[in-house]
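Asker: The lines below spell out each chain.
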Amino acid sequence: MTHKLSADNLTLIRGERCLFQGLSFALESGGLLVLEGRNGSGKTSLIRAIAGMLSLEEGTVFWDDVPVEKQRQAFHGNLVWLAHRTGLKGDLTLVENLGFERALRAHASDDPEEVYERLGISRLKKLVLRSLSAGQQRRVALARMLLTDVPLWFMDEPFTNLDREGRALVLELVEEHLATGGMCVMAAHQDVEINAPTTRVKIQ
Amino acid sequence: MTESNREIPGIFEGLLATARRDLLLAWKRPGDVLNPLFFFAMVCTLFPLAVGPSQEQLEFSGPGVLWVAALLATLLSLNALFLSDFEDGSLDQLLVSPQPLPVLVLGKVLAHWLTAGLPLVFVSPILALTYNMPVTVMGVMMLTLTLGTISLSLLGSIGAALTVGLHRGTALLSLLILPLAMPIMILGANAVSLAAHNDVYTTGIWALGAYAIASVSVAPYATAAALRISNE
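As they're listed, the protein sequences go chains W and G. With the working numbering, the residue at position 170 of the first sequence is 170, and numbering never jumps. With the working numbering, the residue at position 193 of the second sequence is 1193, and numbering never jumps.
Calculated directly from the structure, the hints in this document are not laboratory data. Please read these numbers as outputs of a predicted model, since none were measured by experiment. Cβ coordinates follow ideal geometry from the N, Cα and C atoms, glycine included. Incorrect hints may have been included.
[Claimed, not checked] Quick list of simulated restraints, FRET-style, between CB atoms:
#	chain 1	residue 1	chain 2	residue 2	range
1	W	Asp8	G	Leu1083	32 to 38 Å
2	G	Ile1213	W	Cys18	45 to 51 Å
3	W	Cys18	G	Leu1046	53 to 59 Å
4	W	Gln71	G	Phe1012	21 to 27 Å
5	W	Lys126	G	Asp1199	57 to 63 Å
6	W	Ile13	G	Leu1083	26 to 32 Å
7	W	Arg167	G	Phe1012	38 to 44 Å
8	W	Gln71	G	Thr1136	54 to 60 Å
9	W	Ile194	G	Glu1013	32 to 38 Å
10	G	Asp1032	W	Ala134	20 to 26 Å
11	G	Asp1032	W	Ser133	22 to 28 Å
Start from the sequences and build out the full structure, keeping to the hints where you can.
Answerer: Structure below.
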């Protein structure tokens, strides 16, 4: 089944400042949307607005041509979210953290062990998240994406804290996800080159 | 990507998972749970030392002191309800989850009541001994505290959600919640006093029950809406 995420004439004002105005895009299954801009340009605000966490001044985001605000729950059933703050509990172990996620979203039938192995976190399973490095915590957050079965990935600066292999792995995972008909919205301040139809949105 | 296995877990599973996670977190950091409990115990034991050992006076003021201390102890614990979720990004994950937010909120409030409200109920009879409270009155007090702390956890979650984005919102939280919490304290303390004087106290219990039911039906929605606003 193919999906479509589109936006029409988005405008967002935070305080006195207009972050973007008249922004439109369309993203289909298998496509990548990259939001580019300097630090503080409003990438995070834009990605949060698309995910429905920020209310826009003007404009509408559509999921399968239906406005998101009219079907928030159905829309949220199709996405998974990764941001600076990983949303993982420092006092809980990796397995406890990811176990909680399984109650929130549709989960993939993939074997968790294989996912841990691939992300290089299988020997960290019994440790509490607090004792892991920032990069390792990021890998656990990536495991959350792989263990959920949703078409739409939201990634806000997915490369933060990751080493070179980690960054290559993120690109590889996104590419695979897109190849199987998924879609990805990514906010990044570095160049993202992926072998897939890519739409770029630049924020000044 | 096959559509067949894409099933969102039921809302009951979401509620239990949220409650279970918060209980697990409380278990791993017992200090957060014990602090309000110590506060409750300290206020209730220090009061008789300050006013003196007059039995008549203690019997008279016991219900009021216990209830004031319970109210303040609950307020003390409410600030942390959504704070760590807000700081580590878990709140974002809850907000973009396909589970209805009020259900997840109810799960969190349930865990809060089990770790902050229920311990007060169980400790209160021991503290009531200092006020020379008869056993039958203790039963009434435990019942009012049970119903009252349920309402306090629920109503408090609205205030906690509204102030979560503000730094040091504790004072504001108390100001927001007190007008809603005061009737609970008055009804509760009054019912216990009436029971101590062998008077009819059931009216207060029914009113507290009604308050709790109203809170259960309204607070999760209000809290969910407040969380969406605060997290913008």
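Asker: Determine for every hint whether it applies to the structure shown.
Answerer: So, going through the hints one by one against the coordinates:
1. A C-beta distance of roughly 37 Å is found between W/Asp8 and G/Leu1083, which places it inside the suggested range of 32 to 38 Å.
2. Our hint of 45 to 51 Å for G/Ile1213 and W/Cys18 holds, since their Cβ atoms are close to 47 Å apart.
3. At roughly 57 Å, the beta-carbon separation of W/Cys18 and G/Leu1046 lies within the given 53 to 59 Å, and the hint holds.
4. Judged by the Cβ atoms, the range 21 to 27 Å given for W/Gln71 and G/Phe1012 holds: they are separated by roughly 22 Å.
5. Range check, W/Lys126 to G/Asp1199: about 58 Å between beta-carbon atoms, so the 57 to 63 Å window is met.
6. Judged by the Cβ atoms, the range 26 to 32 Å given for W/Ile13 and G/Leu1083 holds: they are separated by roughly 28 Å.
7. At about 40 Å, the beta-carbon gap between W/Arg167 and G/Phe1012 stays in the expected band of 38 to 44 Å.
8. At roughly 55 Å, the beta carbons of W/Gln71 and G/Thr1136 sit within the given window of 54 to 60 Å.
9. Checked against the given bound of 32 to 38 Å, the beta carbons of W/Ile194 and G/Glu1013, roughly 35 Å apart, stay inside it.
10. Judged by the Cβ atoms, the range 20 to 26 Å given for G/Asp1032 and W/Ala134 holds: they are separated by roughly 25 Å.
11. The hinted window of 22 to 28 Å between G/Asp1032 and W/Ser133 holds, with their beta carbons roughly 26 Å apart.
Comparing the model with each numbered hint stated earlier shows that all of them hold.
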